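Novice: What follows is the residue order along each chain.
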Amino acid sequence: AQSVTQLGSHVSVSEGALVLLRCNYSSSVPPYLFWYVQYPNQGLQLLLKYTTGATLVKGINGFEAEFKKSETSFHLTKPSAHMSDAAEYFCAVSDWGTGGGNKLTFGTGTQLKVEL
Amino acid sequence: NAGVTQTPKFQVLKTGQSMTLQCAQDMNHEYMSWYRQDPGMGLRLIHYSVGAGITDQGEVPNGYNVSRSTTEDFPLRLLSAAPSQTSVYFCASRTELGNTIYFGEGSWLTVV
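Protein chains in written order, with the working numbering: chain D, 1 to 116; chain U, 1 to 112.
Just chain D, with the same shape it has in the complex (with noise of 0.2 Å):
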């Protein structure tokens, strides 16, 4: 079974500061992990995804991700917030690593809002 927990339903920061969104997993088997973004109306647009390899995984609009297996975890960062980035944020975890799954588990979300 998977799950996923994304800590802080909202995250606020202000424009120029670290945004760092939190996400948990669990998987039974070695996961692959994705990081969305979906802004209002719209669809999913992937911003990174970690398979295997290294674990810090850099994404679009400057956004990259650390796995770490020891936390179970998947935080995403960005060093400087822009406007731009109020969006609404979804981690997942998928069971197709193995070859045989079929499941991406989202989790449910993180609404980013950007202050002046």
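Careful, some of the hints might be misleading.
Said to hold, decoys possible - The calculated SDA-like cross-link candidates involving lysine to any residue, where the alpha carbons are at most 20 Å apart (straight line), are:
#	chain 1	residue 1	chain 2	residue 2
1	D	K113	U	G42
2	D	K69	D	S28
3	D	K103	U	L97
4	D	K103	U	E96
5	D	K103	U	P61
6	U	K9	D	Y39
Claimed, not checked - Computed footprint of chain U on chain D; a stretch qualifies when at least three of its residues, placed anywhere within it, have a C-beta under 8 Å from a C-beta of chain U:
#	segment
7	40-54
8	107-113
Said to hold, decoys possible - Here are the simulated distance ranges between beta carbons:
#	chain 1	residue 1	chain 2	residue 2	range
9	U	T70	D	M83	40 to 46 Å
10	D	H82	U	T95	32 to 38 Å
11	D	L18	U	N62	39 to 45 Å
12	U	W108	D	K69	36 to 42 Å
13	U	R77	D	K69	38 to 44 Å
14	U	G98	D	S26	20 to 26 Å
15	U	Q22	D	A17	42 to 48 Å
No wet-lab data here; the hints were simulated from the structure. The structure presented is a predicted model; accordingly, all values stated were derived computationally and were not measured. A virtual CB, placed ideally from N, CA and C, is assigned to each residue, including glycine.
Chain D is already provided as a structure; the job is to place chain U on it using the hints.
Specialist: Frame of chain D; chain U shown alone:
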């Protein structure tokens, strides 16, 4: 390259009506799936398919039917719409061995 195409984008239904949400992909992906998104609940898997002629239930399948007669198409049918099915629906696809899932733009459904 169109990717994953969903239609309609917006729909209002009356309780008890039936309708089909269409999903098509032009990437020759084996795996296709339907998710629904509700506030505070993230996305939840409704049904999925690993190839033409093969479908299976996800986390929240009740009230929905699917079929996969071709590799390209994976329609989602609401048999008798209920207000609880008001949601945003996303279709997705990926290759069997792929590690990236591609989402459609979403279909906003309101049942009154």
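Novice: Does 39 to 45 Å hold as the CB distance between L18/D and N62/U, or does it fail?
Specialist: For L18/D and N62/U the Cβ distance comes to about 43 Å; the hint holds.
Novice: Regarding the pair K113/D and G42/U, is the alpha-carbon distance no greater than 20 Å?
Specialist: Given that 20 Å is the threshold and the Cα spacing comes to 18 Å, the pair holds.
Novice: Next pair to validate is K103/D with L97/U; report whether the Cα-Cα distance is within 20 Å.
Specialist: Holds, because 13 Å separates the two Cα atoms, which is no more than 20 Å.
Novice: Measure nothing beyond the straight line between the CA atoms of K9/U and Y39/D; if it is 20 Å or shorter, mark the hint as holding.
Specialist: holds, 16 Å
Novice: Taking a Cβ-to-Cβ distance below 8 Å as contact, does the segment 40-54 of chain D have at least three residues touching chain U?
Specialist: Three-residue rule met by the segment 40-54 of chain D, so holds; n is 7.
Novice: Could you say whether the range 20 to 26 Å given as a hint is met by the Cβ separation of G98/U and S26/D?
Specialist: For S26/D against G98/U, whose Cβ atoms are near 23 Å apart, the range 20 to 26 Å holds.
Novice: For T70/U and M83/D, compare the CB-CB distance with the range 40 to 46 Å and indicate the outcome.
Specialist: holds, 44 Å
Novice: With 36 to 42 Å as the target window, see if W108/U and K69/D comply at their CB atoms.
Specialist: For K69/D against W108/U, whose Cβ atoms are near 38 Å apart, the range 36 to 42 Å holds.
Novice: Determine whether the Cβ-Cβ distance between H82/D and T95/U falls within the hinted range of 32 to 38 Å.
Specialist: Taking Cβ atoms as reference, H82/D and T95/U lie about 34 Å apart, which means the hint holds.
Novice: Is the distance from the Cβ of Q22/U to the Cβ of A17/D consistent with 42 to 48 Å?
Specialist: holds, 43 Å
Novice: Is the Cα-Cα distance between K103/D and E96/U 20 Å or less?
Specialist: holds, 12 Å
Novice: Holds or violated: 38 to 44 Å for the Cβ distance of R77/U and K69/D?
Specialist: holds, 41 Å
Figure legend: structure checked against the earlier numbered hints; every hint is met.
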